[in-house]
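*Asks:* Here's the letter readout for the chains.
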Amino acid sequence: MTTTKRPTIAEELIRQYVGIIPHVAELGMETMHAARGMAIMKLPYQERLVGNPETGVIHGGAVTTLIDTVCGLAVITAPDEPSRVATLDLRIDYLRPATPLRDLYARAEVYKLTRHVAFLRAEAYEDDPRDLVAAATGTFMFVRRNAARKGLSKP
Amino acid sequence: MSAVPPTLADMVRTAREAGDINRFIGAIPYARFLGISASAEGGVLTARLASSDKIIGNPALPAIHGGVVGAFLETTAILQLLWTLDSIRIPKTITITIDYLRTAGPHETFARAEVTKLGSRVANVRAYAWQADVAKPVSGANANFLITPAHEEPNG
Numbered sequence: 001m002t003t004t005k006r007p008t009i010a011e012e013l014i015r016q017y018v019g020i021i022p023h024v025a026e027l028g029m030e031t032m033h034a035a036r037g038m039a040i041m042k043l044p045y046q047e048r049l050v051g052n053p054e055t056g057v058i059h060g061g062a063v064t065t066l067i068d069t070v071c072g073l074a075v076i077t078a079p080d081e082p083s084r085v086a087t088l089d090l091r092i093d094y095l096r097p098a099t100p101l102r103d104l105y106a107r108a109e110v111y112k113l114t115r116h117v118a119f120l121r122a123e124a125y126e127d128d129p130r131d132l133v134a135a136a137t138g139t140f141m142f143v144r145r146n147a148a149r150k151g152l153s154k155p
Numbered sequence: 001m002s003a004v005p006p007t008l009a010d011m012v013r014t015a016r017e018a019g020d021i022n023r024f025i026g027a028i029p030y031a032r033f034l035g036i037s038a039s040a041e042g043g044v045l046t047a048r049l050a051s052s053d054k055i056i057g058n059p060a061l062p063a064i065h066g067g068v069v070g071a072f073l074e075t076t077a078i079l080q081l082l083w084t085l086d087s088i089r090i091p092k093t094i095t096i097t098i099d100y101l102r103t104a105g106p107h108e109t110f111a112r113a114e115v116t117k118l119g120s121r122v123a124n125v126r127a128y129a130w131q132a133d134v135a136k137p138v139s140g141a142n143a144n145f146l147i148t149p150a151h152e153e154p155n156g
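Top line first, the protein sequences correspond to chains G and U. The first sequence runs 1 to 155 under my numbering. The second sequence runs 1 to 156 under my numbering.
Simulated from the structure, these hints should not be mistaken for laboratory data. Take the hints with a grain of salt, since some may be wrong.
As the list claims (entries may be wrong) - Capping the alpha-carbon separation at 35 angstroms, the derived lysine-lysine pairs in DSBU-like fashion look like this: (1) G:5 <-> U:92; (2) U:92 <-> U:136; (3) U:117 <-> U:92; (4) U:117 <-> U:136; (5) G:5 <-> U:136; (6) U:54 <-> U:92; (7) G:42 <-> G:112; (8) G:42 <-> U:54; (9) U:54 <-> U:136; (10) U:54 <-> G:112; (11) U:92 <-> G:42.
Claimed, not checked - Stretch by stretch, here's where chain G covers chain U in the computed footprint (C-beta under 8 angstroms, at least three residues): (12) 23-32; (13) 72-86; (14) 110-119; (15) 123-134.
A virtual CB, placed ideally from N, CA and C, is assigned to each residue, including glycine.
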């Protein structure tokens, strides 16, 4: 016998994450994993993301978009259900060109969460998670859902 | 007999000769998809990102997706480099750091970039984007690019 548990607000948000962000829905991104400050998302290869039509390699900006998106998802899965997430900064190292026609994946992990700031590391790759296309660090501001509810959102 | 399609290098040359960077931008699928265009005044380009529903990241605010703003800044930096350099090779991004300063609303966005250091192999570029007020940037970026000196290019 199974018991049905009501999804928490965070679980519901994770389920809807791709659909509620118009640009992410437009690109057909998929959530592969999202729990406890760690998330993996997929960006399917598509011609309109190509930055160099001679090679078919996708534009660095599309990699940035995937990384920003997966970082945001990792933050909202962190403890205490952070909400109202905003990117403060993002640094991306491009280690090699993405391979044409291959789907791109990105993994993000919150390695430190303070009262208002989440610090993340993220990586983008195709088939092999050790063969990186890009490595990134990001900082995100957020309001804790519990704090927001209690009106404790001010510093 | 089919014509040989122009190469990216050809597009760079054509754009420079015509004084219209859009001839190059039009060859980049991703720039077309986002709705990027640019105009040149003297040696300085002003890039424009058209407002559209498909680039929205937060529909509640609403705001343009941070990744799109970053892509716009990176593209502006590359375009300014192509406008500044003699090389016809497309600069390769090594690193980019993007600062998000204000919400980028669902409006037209503009960007400019300045080449802060031009070395023989690496160029450092700073870019910033704004909407209604140039004095209130929505985002800024600092990026390093790998460049090819003009004398090292085949058919340079």
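*Asks:* Sort out which numbered hints this structure fails and list those numbers smallest first.
*Replies:* 1, 5, 14, 15
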